[in-house]
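Undergrad: Since the structure of chain A is already known, use the hints to place chains B, C and D on it.
Here the protein sequences come in this chain order: A, B, C and D. Residues 1189 to 1617 in the numbering used here are what the first sequence lists, from first letter to last. Residues 1189 to 1617 in the numbering used here are what the second sequence lists, from first letter to last. Residues 1189 to 1617 in the numbering used here are what the third sequence lists, from first letter to last. Residues 1189 to 1617 in the numbering used here are what the fourth sequence lists, from first letter to last.
Same chains, same names: a pair is fine if it fits in one copy or spans any two.
Once the Cα atoms are required to be at most 20 angstroms apart in a straight line, the calculated DMTMM-like pairs of lysine to aspartate or glutamate come out as: (1) K1482 / D1578; (2) K1520 / E1602; (3) K1482 / E1555; (4) K1506 / E1282; (5) K1254 / D1264; (6) K1482 / D1391; (7) K1482 / E1206.
Hints are computed from structural coordinates only; laboratory data are not their basis.
Residue strings, one per chain:
4 protein chains.
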Amino acid sequence: MTTAKAADTTIFTRRESEARSYCRSFPTVFTKASGAIMTDVQGREYIDFLAGCSSLNYGHNDPDMKSALIDHISRDGIAHGLDMYTDTKAAFLEAFENLILRPRGMDYKVMMTGPTGTNAVEAAIKLARKVTGRRNIVAFTNAFHGMTMGSLALTGNTAKREGAGGGSLADVTHMPFENAMGDNNTLEYIEWVLENPSSGMDDPAAFIVEPVQGEGGLNAASAEWLQGVERLARKHGALFIIDDIQSGIGRTGPYFSTEGMGLNPDMITQAKSFSGMGLPFAALLIRPDHDIWKPAEHNGTFRGNTHAFVTARVALEKFWSDDAFQKETLRKAKYLEDRLTEISAQIPGSALKGRGMMRGIDVGSGELASDICARCFEAGLIIETSGAHDEVVKVLAPLTIPDAVFAKGLNILESAVSAATGNNQIAAE
Amino acid sequence: MTTAKAADTTIFTRRESEARSYCRSFPTVFTKASGAIMTDVQGREYIDFLAGCSSLNYGHNDPDMKSALIDHISRDGIAHGLDMYTDTKAAFLEAFENLILRPRGMDYKVMMTGPTGTNAVEAAIKLARKVTGRRNIVAFTNAFHGMTMGSLALTGNTAKREGAGGGSLADVTHMPFENAMGDNNTLEYIEWVLENPSSGMDDPAAFIVEPVQGEGGLNAASAEWLQGVERLARKHGALFIIDDIQSGIGRTGPYFSTEGMGLNPDMITQAKSFSGMGLPFAALLIRPDHDIWKPAEHNGTFRGNTHAFVTARVALEKFWSDDAFQKETLRKAKYLEDRLTEISAQIPGSALKGRGMMRGIDVGSGELASDICARCFEAGLIIETSGAHDEVVKVLAPLTIPDAVFAKGLNILESAVSAATGNNQIAAE
Amino acid sequence: MTTAKAADTTIFTRRESEARSYCRSFPTVFTKASGAIMTDVQGREYIDFLAGCSSLNYGHNDPDMKSALIDHISRDGIAHGLDMYTDTKAAFLEAFENLILRPRGMDYKVMMTGPTGTNAVEAAIKLARKVTGRRNIVAFTNAFHGMTMGSLALTGNTAKREGAGGGSLADVTHMPFENAMGDNNTLEYIEWVLENPSSGMDDPAAFIVEPVQGEGGLNAASAEWLQGVERLARKHGALFIIDDIQSGIGRTGPYFSTEGMGLNPDMITQAKSFSGMGLPFAALLIRPDHDIWKPAEHNGTFRGNTHAFVTARVALEKFWSDDAFQKETLRKAKYLEDRLTEISAQIPGSALKGRGMMRGIDVGSGELASDICARCFEAGLIIETSGAHDEVVKVLAPLTIPDAVFAKGLNILESAVSAATGNNQIAAE
Amino acid sequence: MTTAKAADTTIFTRRESEARSYCRSFPTVFTKASGAIMTDVQGREYIDFLAGCSSLNYGHNDPDMKSALIDHISRDGIAHGLDMYTDTKAAFLEAFENLILRPRGMDYKVMMTGPTGTNAVEAAIKLARKVTGRRNIVAFTNAFHGMTMGSLALTGNTAKREGAGGGSLADVTHMPFENAMGDNNTLEYIEWVLENPSSGMDDPAAFIVEPVQGEGGLNAASAEWLQGVERLARKHGALFIIDDIQSGIGRTGPYFSTEGMGLNPDMITQAKSFSGMGLPFAALLIRPDHDIWKPAEHNGTFRGNTHAFVTARVALEKFWSDDAFQKETLRKAKYLEDRLTEISAQIPGSALKGRGMMRGIDVGSGELASDICARCFEAGLIIETSGAHDEVVKVLAPLTIPDAVFAKGLNILESAVSAATGNNQIAAE
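Bound conformation, chain A alone (with noise of 0.2 angstroms):
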């Protein structure tokens, strides 16, 4: 830290858990945001490029969601309602109805779990084992569907893994991701493994993927590989789950990741971003068809954020009433793929990661991975790593963020590039 007087942190270090993450990373106490920028209690700036993790697609406090949620505060809207019908709910689902499903031809009923991405993984695979009458779930190397036990079997994080305590983990195969060991589609091998009445794998209930994995390291699966998934599970008769909560509502550039693909899934996992304003909210998109819970059978309290709905909703109007965010998106995905790999250019061994506004370099190590995060930092910037050894530094700007201070970010992970790199000509650009 350059600042002055360092922010005063002892409060956080006497009284919170040694599981806080992100704030050891920045070091700083923040007091308030807007859209691609946070400042801190010294009133300096940064550039966010981690956004929520994907949570702030729209940016930090959004103006006319801002305007929207302080107005239903003011009226006595409902805060917390458990998962009684309210105006809100029922106007979010009106929208979410006329704006998302119905454009895209989908036919989904909206499970409201409680708000946590975690919670609509737990609900997907349960009701997929009520559906099939099966227990095993297909996940895939480098996933990551959460902490609580059930999704926590799915992730593949060995570091996160023994989180668990020794508590069982079981259930669960785990499959190679596309390109997981090098050159290949692995669809070869997972049906090779569903067809051997003898390899030990027990007949699946679902298959769930992220179709582009974050934290696993920005890996992008393609439309033939995901199609290919969707093609086993369906003939081995199991259900096909895509979990879109880090790569959907926008990220990649259409609402859903895999629009386009081809692809039917029979449930689909949202939070993050999906109540525009960072407020937490998840829910999971489920056909009809396979919606056999029994009233309460999965519950909870905070099922249906009522303020969440309140952002919600002005999001989807705001965004998605027409396709220009998208075509806006598409636009900045390209120029991030520009400037990254011209930055990839100077990492010896380097490969851009990820697709849409959800891109990244893998630079090799952790070691340096952090190293250029920790100089981004110092210069405004906040960027963090992914992957299975943090050696990939992720971009996950807002959508949202102005053309500008987009350059800027980069030209501060360009110069931190360079420095980390040692190609210090570079950095004098």
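TA: Chains B, C and D alone, transformed into the frame defined by chain A:
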């Protein structure tokens, strides 16, 4: 419904999953709420004796919380900051330290888990397993700890457990709660199982217990029994975890439902009314020596809901700076007890359940309980059942409910009981 | 050992695994055995009150079985035929049908499992799960059903369970055996758990019970209690499985230990004395309607030990063609009871355990029991302990033991008890 | 059957469980057997190419074993002694030490498990978990390790796994066996999964592998692949367990099927031909430093079948005192390979499988394999199939089979193949 025109609920039946539940008991559309009153789309007002299942202990839309939250939003305060340091989190932690922990001589680290009760429970059992190197968790009959797979394994309810669709609910031993089988404290049985080296019970990592079981039927444990459970846990090298999600935060009078009982839990879960205003928020309180989490070992996108930090801090400052609120709650609890005792007298074989402002009547059957609640709703009172057979009519009014409104709500309940049981002479009073 | 030259046991300590056990209590090398007498390498004779843990109910090397087996081997009778049809298997099955099933009005299919008790138990629980579509098995405190993972999950003993090294021992609920906690029949508790829809107990596929728990301390269940267990099983759609491995085949008098109790088990396990001569042999008796196995769905190399078919047939014909043997056993059992009652009177706080010729004395501590057994061995009697704390000195003499030998063995026991407890005046008798 | 009067098998269909299997393929009643010949009740002789699934490597009723066993029985040698020290056990252990371990420079403790292969496997995985403190075991596709729950979890076959009736088959990861998916050694894949910290695979306690998969289709692993598996196990802190139950004890030539491969397994299982005469007998060989069992931590009534000690000792002394038997086996194996190569040439797309005297032909379909075996039986040859689809006709002749009988059996097989495939010109030879 006696209203001229029923609220339009077609969007919900068309688009919301069959898992929805409370809305089925209260078939109208709510639009606003304040204090103890909810108002529907036709302007009809209902007294709220459900209070978000104890998530609204301070009532709906407390004006001071509203004002602080609006101010926070207006000034672009952080809405979502992952688990970065923010001024609002600092202010919340300081208030929690100064107003809750210090005055009670308690020393706990605060783990911001995903903002749902089940996430706090999952974190607790994962950590207990890590700390002890054991897998088995002791939970109690009629326990309810959540719907994600780890918490669901702890939960007693068969219908809820069947939601797992056959997924493994392992590593848990269920023991009888106090008086579960009639007039005995059950500690003797539990001790016998623990001490018998051939009982088939594997050494426990922890005991997790709700001091007053909410969903399980308002079963209130005595101080002696809870002390006994803690003593057995200590003797057998297990942690002692209090799940105070529904019973805590003033519901039984003091902030923690176990204050004054001489207990020293290793962990305490917090959720429901923790944010003060019904916003999603949860935490796990951990004795510092047990806080062995590695950074991010249990993480989550929404841990530390920033809006909730704002309202939770206001709640602490407003209601817990002195003992006035607690005294007021105990006063109301006495009134509630008196009224429920009278009402219970109408129902042969019924029994008063619960403690503090978490009370109810076991009316003997789910059918009668359901009939009573339906009659209440017709008359403008929102009230629900709990218990293994949904046989308990429970009163979970906001603690801030004005005396007159409280009386009016109880009058409605009394009349409904009379009508349902045919004691019309009483109903006529 | 008082013998001049101890037997050479170095080969065992050098080459046999530390898991070896009985040899540690009886540190000599045995060379031959006949009836109730074992002889060691120095020619010393020992009365055998262990009888292969009830595997030698007819004594060692019964001359008729020997002769039939020698004849079979001499004529190149099949020694190993997998599960092919053989004349000896046919003869055995016919004898079992004619002498055991028909006279008792029982109709069971015989499943030749691997020739160990644990294999029969594993087959039983697998089949119960297949038949009911449920996973949970109810086993009892102090139960012992075997060491393979499925049976071990049923077993109560902690030291044995720790042998699993942390492998999952799931899908089992342990319930208290009759009088396990003192003077109650425990059925009330079991029923309460089953009937309480919030007990956390998943619907059981089966109850498996030993009528007299052998390893668990010679706990003999009453007819009333076993009827109660069967009634609860039926009421809740679960199968009722009798594990008669140690208690059956005449040990308590009748062939099955539950004869005359009005029970109708769905399955019965057979092993230990099933071959008559101590050869490995086991079977699962299955009510025909439950015999839904597909061919080879549970197979094994040694199922149907052909040598055992030969000796088992002889045993059936010799001992079960009429009721003489059963009557003789009951006569000896009465004598045993009288003698043990007297011996028990020497030990304050001791209690008589078991039933029939499966009796013992709970002497109050493992130390005392161990001391008594060591003194017995010095005096020429092989006798062992059982129970959760190894606190029961158990008498499992061959049922064929001559009266004089039986009396002599009991005299040794009586003296050992006197010496161990310091009651020398009694020892002098 | 071409016999005038079929054998009476009604007792079996009336009383033996539907689980019975081999008897369905060989619908006659056998009465005696000697060497490589089995004789049925009508006096018809069959050449035995099944040999108890490799349990009769020395043929039926070896005269020296018979004689020693008859002598033992005649002199009242111990038939059942639990795991007490006996002269016969000592003699067996000394022979095993002197003839097997010492000449091969091997140092192992011998654990007498229950006398079935599955019990030895269960002991191995329990011990591996105890030694490493880890739970996960790596087993391979097409593996067969037994039918009890622990071994069944390791087994690849779906039909067998379904026998568990839904009981948990947890704590196992299945990996592809060498060439399982065609022309690759699969080590690269296994290594990638182990080294990827986000693969979702938990650290393994052990790898367990059959050097030649018997039930899985006679898949023979190369020395290089097995070395690779051991290397990966060592690198990742896991034990390396060889399951040599079907492949060992001379079946591929040397006593252990992996001799000369430069392997150093932590444990080796022994069963099937271990007793020499087909009697139930099994053991687990344990590297001394891993022998951390507590006394009786894994016990069993029939561990150490005393009759088997007698015959097993004779087998060791007769066949393993020098290398003559091994050489003779390899000579026969060469002849077998030549003949099967010729026979295989008749079947388009067929492939030779296995190693040593554990060979077979993958004929491409279970239907054809079954047809061939049925024709062989008609012609007086007992032969069976294996493989995931029962597509391999396997030759498991006694190693002691006389050349002329071996040739005659192979002639029958050749004719049956010709007839089944319509190549009558060859059948006419």
